[in-house]
Amino acid sequence: MAQKRFKNWKKPKIKHGELTKWNWMVQHPENLKLGQETDIGAFTYINAKHGVTIGNNVEIGSHCSIYSLSTIDHKKGRVILKRNCRIGSHSTIMPGVTIGTNSVVGAHSFVNSNISDNVIAVGCPVKVLRKIKQH
Amino acid sequence: MAQKRFKNWKKPKIKHGELTKWNWMVQHPENLKLGQETDIGAFTYINAKHGVTIGNNVEIGSHCSIYSLSTIDHKKGRVILKRNCRIGSHSTIMPGVTIGTNSVVGAHSFVNSNISDNVIAVGCPVKVLRKIKQH
Amino acid sequence: MAQKRFKNWKKPKIKHGELTKWNWMVQHPENLKLGQETDIGAFTYINAKHGVTIGNNVEIGSHCSIYSLSTIDHKKGRVILKRNCRIGSHSTIMPGVTIGTNSVVGAHSFVNSNISDNVIAVGCPVKVLRKIKQH
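Protein chains in written order, with our numbering: chain B, 1 to 135; chain H, 1 to 135; chain R, 1 to 135.
With the rest of the complex left out, here is chain B (with noise of 0.2 Å):
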């Protein structure tokens, strides 16, 4: 279960293009679904121009890109980052990818494929390491 972290949690005031109190931004914040009790870290870039979902409980460290559109590579999709799960700093997650429910992924992964609920996964490209016991 995900520990009580805030006391006060508020939704963040987002504006497209621009830095939030955080110190992360959000380009097209109009198709972000953002749950409660959320934590995104500082210097994280989310397009949300095709669509990113995340859910409650959710953490994003610092320096984390969050892609539904990547321009380089000419792909789009929505991201869905399921309830609880954390993605470590430096990490990609590119357009089209869903990670599961509880699961974590690994500081400095890049992740460009599906991961499931209850895992532990971490690397470039991103590799499943192991499931998450439960309590």
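None of these hints come from the bench; they were simulated from the model.
Take these hints with a grain of salt, some might be off.
When chains are identical, the list treats them as one kind, so a pair holds in a single copy or across two.
[Unchecked claim] Taking lysine-lysine and the DSS-like style, the derived pairs with C-alpha atoms no more than 30 Å apart in a straight line are:
hint, residue 1, residue 2
1, K11, K127
2, K127, K7
3, K11, K33
4, K131, K21
5, K133, K15
6, K21, K11
7, K21, K10
Starting from the known structure of chain B, arrange chains H and R on it as the hints suggest.
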């Protein structure tokens, strides 16, 4: 051939050490030659002290660092990103490096050697994967 | 010996959660001990909640993350960067880690263990490559 991405590309306003409208930054912009219809991602940092040349239609992802000066290892030298090359997110380009025309550097690469034209390269340190098929 | 890089180094103004003049940021700066003639790159993020000590002449590249608290894996502990060590760009330093005097951490490293004095280390996770030759 490069896709037509811009209807009304304008040269961005760049001031030494300040974030641009797109939240990337340049030091010593007087030594940056920036081509037409270039695209630079959020949180990318360019140190142009010893010269950085970015050709037409070049794309640079988010969270890249382009160093013509690396104080950490006392290296310096002009960086040249040739026409239509693309640099994936979270990549570092070291002093003196040239990236060839149309070439693609994959995300999360550390580029400390020249990359020839028309290839795909990736890794830490970067290695050429293959030639790009000509259309 | 560290090169003389600064003529007039001054301690930077740091406010919790705000970008400095050089576009890096610190959370909980009251728990940051910052040495003289240190140099920190753009888009670097320091979470000093549980203490970060940065010795004299330390250099930190762009896009680094220095965590005394990592909420994603529930780790915490003081980070110590000893005198004259250097941290390459895009590196992550995890809670409780000490980097030794004069040591160099290569770019794109994930540092989750202590690094002794006078070595070069690199990788995800970081590994020591070799000793630095003494002059």
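The hints, checked one at a time:
Taking the shortest alpha-carbon separations for K11 and K127, neither the intra-copy value of 32 Å nor the inter-copy value of 40 Å comes in at or below 30 Å. In this assembly of identical chains, the alpha carbons of K127 and K7 never lie at most 30 Å apart, being 35 Å within a copy and 39 Å across copies at closest. Taking the closest pair of Cα atoms, K11 and K33 come within 30 Å of each other only inside a single copy of the chain (11 Å); across copies the shortest separation is 33 Å, beyond that limit. In this assembly of identical chains, K131 and K21 lie within 30 Å of each other by CA distance neither inside one copy nor across copies; the values are 35 Å within and 42 Å between.
For a Cα distance limit of 30 Å, the shortest separation of K133 from K15 qualifies neither inside one copy, at 39 Å, nor across copies, at 40 Å. Taking the shortest Cα distances, K21 and K11 sit within 30 Å of each other both inside one copy (12 Å) and across copies (24 Å). For the homomeric pair K21 and K10, the shortest alpha-carbon distances inside one copy (12 Å) and between copies (27 Å) are both at most 30 Å.
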